[in-house]
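So the protein lines, in turn, are chains A and B. Numbering of the first sequence is given in the UniProt record's numbering, commencing with residue 1 and proceeding in unit increments. Numbering of the second sequence is given in the UniProt record's numbering, commencing with residue 1 and proceeding in unit increments.
Honestly, I wouldn't trust all of these hints.
Listed below are several chain A residues computed to face chain B (Cβ distance under 7 Å; list not exhaustive) [what the hints assert, rightly or not]:
| hint | residue |
| --- | --- |
| 1 | 242 |
| 2 | 291 |
| 3 | 294 |
| 4 | 298 |
| 5 | 302 |
| 6 | 306 |
| 7 | 334 |
| 8 | 339 |
| 9 | 342 |
| 10 | 343 |
| 11 | 366 |
| 12 | 372 |
| 13 | 378 |
| 14 | 392 |
| 15 | 427 |
| 16 | 437 |
Source of the hints: derived by calculation from the structure; they are not laboratory data. All values reported here derive from a predicted model rather than from experimental measurement. Cβ coordinates follow ideal geometry from the N, Cα and C atoms, glycine included.
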Amino acid sequence: MSKDIRIKKGLDINLFGEAEKTTSKAVPSNVYALNLDDFHGIAPKMLLKQGESVKAGEPLFYNKENADMVFVSPVSGELVEIVRGARRRILTLKILADKEQEYVSHTALDLAKADADAIKAHLLQSGCWPFIRQRPYDIIANPEVAPKGIFVSGYASAPLAADLDYVLQGKENELQTAVNALAKLTFGKVHVSVGKGAQSPLAGLSGVEKHTVSGPHPSGLVGTLINRVDPVNKGEVVWTVTPQDLVMIGELLLTGKFNAERTIALAGSSVKAPKYYTTKIGAEVSTFLYAAGVYGENIRVINGDVLTGAKSTPDGYLGYYNNTVTVIPEGDDYDLFGWNRPIFDKVSTSRAFTFSWLNPKKKYKLDTNTNGEHRAFVVTGGYEEVFPLDIYPMQLLKSCMIKDLDEMEQLGLYEVAPEDFALTEFICVSKQPHQQIIRDGLDLLYKEIG
Amino acid sequence: MGMKQSLHNLKEKYKGKKMAPAFNAFHTFLYTPNETTHSGSHVRAADDLKRTMNTVIMALVPVLLFGIFNAGYQHFHAIAEAQGTAQAFSWDLFLTWDNFWTGAIKVLPLLIVSYGVGLGVEFLFAVIKGHEVEEGYLVTGMLVPLIVPIDIPLWMLAVAVVFGVVIGKEVFGGTGMNILNPALTIRAFLFFAYPTWMTGDKVWVHGAVERAGTPDAISGETVLGYLAQNKDVGSIYSWMDYFIGNIPGSVGETSAMLILLGGLFLIFSKIGSWRIMLSGVLGTIAMGLIFNGVVDAGWITESSKFYGLMSFSWWQHLLVGGIAFGIVYMATDPVTAAQTNKGKWIYGFLIGFISIMIRVFNPAFPEGVFLAILLMNVFAPTIDHYVVQGNVKKRMKRLKNIAKAPEKKEVNVETV
Numbered sequence: 001m002s003k004d005i006r007i008k009k010g011l012d013i014n015l016f017g018e019a020e021k022t023t024s025k026a027v028p029s030n031v032y033a034l035n036l037d038d039f040h041g042i043a044p045k046m047l048l049k050q051g052e053s054v055k056a057g058e059p060l061f062y063n064k065e066n067a068d069m070v071f072v073s074p075v076s077g078e079l080v081e082i083v084r085g086a087r088r089r090i091l092t093l094k095i096l097a098d099k100e101q102e103y104v105s106h107t108a109l110d111l112a113k114a115d116a117d118a119i120k121a122h123l124l125q126s127g128c129w130p131f132i133r134q135r136p137y138d139i140i141a142n143p144e145v146a147p148k149g150i151f152v153s154g155y156a157s158a159p160l161a162a163d164l165d166y167v168l169q170g171k172e173n174e175l176q177t178a179v180n181a182l183a184k185l186t187f188g189k190v191h192v193s194v195g196k197g198a199q200s201p202l203a204g205l206s207g208v209e210k211h212t213v214s215g216p217h218p219s220g221l222v223g224t225l226i227n228r229v230d231p232v233n234k235g236e237v238v239w240t241v242t243p244q245d246l247v248m249i250g251e252l253l254l255t256g257k258f259n260a261e262r263t264i265a266l267a268g269s270s271v272k273a274p275k276y277y278t279t280k281i282g283a284e285v286s287t288f289l290y291a292a293g294v295y296g297e298n299i300r301v302i303n304g305d306v307l308t309g310a311k312s313t314p315d316g317y318l319g320y321y322n323n324t325v326t327v328i329p330e331g332d333d334y335d336l337f338g339w340n341r342p343i344f345d346k347v348s349t350s351r352a353f354t355f356s357w358l359n360p361k362k363k364y365k366l367d368t369n370t371n372g373e374h375r376a377f378v379v380t381g382g383y384e385e386v387f388p389l390d391i392y393p394m395q396l397l398k399s400c401m402i403k404d405l406d407e408m409e410q411l412g413l414y415e416v417a418p419e420d421f422a423l424t425e426f427i428c429v430s431k432q433p434h435q436q437i438i439r440d441g442l443d444l445l446y447k448e449i450g
Numbered sequence: 001m002g003m004k005q006s007l008h009n010l011k012e013k014y015k016g017k018k019m020a021p022a023f024n025a026f027h028t029f030l031y032t033p034n035e036t037t038h039s040g041s042h043v044r045a046a047d048d049l050k051r052t053m054n055t056v057i058m059a060l061v062p063v064l065l066f067g068i069f070n071a072g073y074q075h076f077h078a079i080a081e082a083q084g085t086a087q088a089f090s091w092d093l094f095l096t097w098d099n100f101w102t103g104a105i106k107v108l109p110l111l112i113v114s115y116g117v118g119l120g121v122e123f124l125f126a127v128i129k130g131h132e133v134e135e136g137y138l139v140t141g142m143l144v145p146l147i148v149p150i151d152i153p154l155w156m157l158a159v160a161v162v163f164g165v166v167i168g169k170e171v172f173g174g175t176g177m178n179i180l181n182p183a184l185t186i187r188a189f190l191f192f193a194y195p196t197w198m199t200g201d202k203v204w205v206h207g208a209v210e211r212a213g214t215p216d217a218i219s220g221e222t223v224l225g226y227l228a229q230n231k232d233v234g235s236i237y238s239w240m241d242y243f244i245g246n247i248p249g250s251v252g253e254t255s256a257m258l259i260l261l262g263g264l265f266l267i268f269s270k271i272g273s274w275r276i277m278l279s280g281v282l283g284t285i286a287m288g289l290i291f292n293g294v295v296d297a298g299w300i301t302e303s304s305k306f307y308g309l310m311s312f313s314w315w316q317h318l319l320v321g322g323i324a325f326g327i328v329y330m331a332t333d334p335v336t337a338a339q340t341n342k343g344k345w346i347y348g349f350l351i352g353f354i355s356i357m358i359r360v361f362n363p364a365f366p367e368g369v370f371l372a373i374l375l376m377n378v379f380a381p382t383i384d385h386y387v388v389q390g391n392v393k394k395r396m397k398r399l400k401n402i403a404k405a406p407e408k409k410e411v412n413v414e415t416v
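Based on the provided sequences and hints, a complete structural model is requested.
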């Protein structure tokens with residue numbers, strides 16, 4: 001049973017540097033790191049001290065709010081450094097990897113017999129729980145509240161994002177095992193979307209509600225899927241899991257091993273030979289970045305895609321959730337009469353002496369310049385053209401800015417995550433930080449109501 | 001890269017100082033800044049507010065040029081008419097250096113005063129409040145000279161600009177925060193503070209005021225003025241004159257042809273809202289048809305003082321007065337217009353509708369467009385409120401329908 005979801009409002013940003021569909025094995029990293037910013041809203045409580053040794057899959061820290069929720073090490077080795085910031089907040093945990101990897105072995109779970117609590121406990125203690133995220137608030141799911149549905153988007157529509165059909169090849173067994181387990185945790189359904197006409201390994205899953213999506217980005221965002229299928233109402237919870245994380249959950253259930261290995265796309269116009277690499281969560285970016293080669297020194301390394309990723313550096317580490325690393329040129333240069341000369345080499349949704357409308361298929365080498373200064377909201381009507389959700393985007397952003405909780409609720413903040421506002425942020429004439437505004441709004445709502 | 005580097009060094013030097021906004025305004029005029037993204041979307045589209053505003057200015061340039069020629073043409077045409085030597089309109093007679101020169105020395109001072117005073121106020125507020133100089137006034141400054149009579153004294157204009165920018169915009173928090181269109185606030189101030197310079201049959205043609213009462217007196221009556229007096233305007237002008245714009249009126253409002261082109265350009269470039277423009281035209285037509293119908297039904301006869309304007313055919317209403325200019329350039333101001341797509345339809349329609357209503361029922365000042373737009377500026381947030389409430393209600397309804405379900409489904413969890 002499959003349902004068609006056609007998205008009309010949106011924007012495909014065509015960029016140079018799409019990853020070629022060949023996969024190499026990245027050089028093993030010496031040091032692996034967990035960046036605590038990846039776990040938004042989690043207050044970590046360390047289980048290990050600096051200098052102690054750790055196995056792959058062994059808990060490093062737990063969530064202060066819920067001691068059952070542990071976060072495990074992707075590799076075995078020695079916890080060499082706990083990097084702390086202001087007020088001793090933990091920023092990064094660095095693990096010096098052993099030559100021979102040792103894994104924590106979990107007992108296999110008989111899925112057919114296990115009930116929801118057993119599955120939950122298993123995922124929590126094995127460190128797989130953080131792969132499950134929830135809406136509202138776009139945070140790691142609260143295991144206490146059963147969701148009305150679990151959503152998986154198997155279609156990556158973001159610019160230069162890793163092709164899920166490619167990276168998930170041969171993982172059908174793991175995916176099926178994972179959705180079988182997750183299906184027991186919800187009183188609703190597991191919803192899976194695949195791209196129209198794509199050869200997705202997700203297409204063959206059983207026991208799920210399948211949706212075929214088509215149309216421009218953000219058709220592949222899980223938020224778009226939720227909004228079209230079953231929007232989140234006040235008091236309701238849905239969970240979301242990315243397919244690459246489903247694979248890790250599935251493998252753990254099948255083998256009892258937390259295997260942090262994943263295939264990532266290294267893409268972007270600053271990469272000489274963009275392609276796929278197999279590596280592990282937390283690996284040094286440099287272990288594959290320089291193998292592929294980069295153009296120039298003044299580059300931006302992004303953990304994720306260009307619209308939603310986190311800023312990193314060439315000596316940074318692969319993020320916990322992402323399967324794409326994008327490298328593009330920095331744009332820290334002035335542009336003479338950049339505001340009135342005709343623009344051919346940048347993307348625009350207007351035709352105000354900008355000419356990207358002439359050739360929608362053309363690929364661009366965009367840099368990180370903001371192309372203008374931050375201003376108050378002035379222009380209206382543009383956001384709606386790239387925002388397919390049944391929500392008034394500018395009004396919701398403004399309600400977040402003035403911290404009006406009632407209005408935030410009424411206008412649909414429970415339904416969205418910051419990534420849903422990436423495109424409106426991209427086209428924003430006033431260069432407002434939409435995703436940050438939504439993040440702050442969600443945090444406020446969580447603090448006051450959640 | 002000499003200038004780029006030295007400007008960059010100056011920017012660093014001024015950073016955090018009081019004058020930084022003033023310097024940055026000039027710097028960013030020359031160079032789009034070297035700012036980069038930090039979080040969220042790492043790449044950004046090419047458009048910024050300066051480009052948006054610049055596009056509107058580009059759409060106004062033809063109208064300004066025409067206004068300059070027309071100011072000169074009307075002046076000489078009125079003189080010729082008084083002397084009985086007037087010739088019919090031709091482009092050879094219109095596009096002359098004499099017309100351009102006569103118009104330019106009247107229009108350019110208006111433009112300079114408008115920009116000089118307005119930007120002066122903007123810079124002052126930016127420096128005092130420590131924010132960047134925002135681009136809103138770039139368009140306002142261009143609009144102002146186009147919506148005033150040619151002979152308006154410059155000091156009056158200066159006073160009105162200060163009032164409009166301070167009271168119309170800055171007290172609300174600057175660009176993006178204002179409720180009323182600043183250019184129309186300026187016009188409203190002039191209209192109510194100095195009505196003798198904003199209305200009547202003298203002010204619309206250069207020289208008519210100073211020649212009044214002398215043997216050299218010339219007429220400066222507008223089409224709407226004639227209509228309000230129930231005069232047969234058809235014997236003076238044809239609809240083609242309205243369309244081309246060789247008629248008296250505010251500097252930039254007369255040429256429906258160029259305004260139409262400007263409007264199409266704004267729609268094509270996606271800077272102006274086609275919804276507001278189209279619904280504005282529809283509103284105008286609707287009210288015009290109603291009045292025409294009333295006349296056709298015989299309810300209004302030639303003895304009525306409203307007869308002239310009411311019987312004026314519905315489509316010609318679009319060509320005369322400020323309605324076309326107002327709909328294309330003023331009603332579409334995104335800050336003061338309705339901000340939702342549905343709201344824009346209602347907002348635009350009512351502007352056209354009310355404009356013609358005021359035009360017909362207020363023959364003393366037969367120009368209702370700016371009042372209609374200001375009125376709708378005030379109502380725009382209310383319109384948006386109800387449109388957005390529709391979305392909110394849908395969400396509430398969904399919540400109500402679903403609120404019952406979990407109890408039943410809760411059981412399911414346990415049976416799993």
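Going down the list of hints, with the structure as the test:
1. 242: violated (19 Å)
2. 291: violated (23 Å)
3. 294: Constraint on residue 294 of chain A not satisfied, violated at 16 Å.
4. 298: violated (10 Å)
5. 302: holds (6 Å)
6. 306: Check passed: Cβ of residue 306 of chain A comes within 5 Å of chain B, closer than 7 Å.
7. 334: Holds. Min distance 4 Å.
8. 339: holds (4 Å)
9. 342: With Cβ-Cβ at 10 Å, over 7 Å, it is violated.
10. 343: holds (5 Å)
11. 366: holds (4 Å)
12. 372: holds (2 Å)
13. 378: holds (5 Å)
14. 392: holds (6 Å)
15. 427: Cβ of residue 427 of chain A sits 5 Å from chain B, so the hint holds.
16. 437: Given a least distance of 9 Å, the restraint on residue 437 of chain A is violated.
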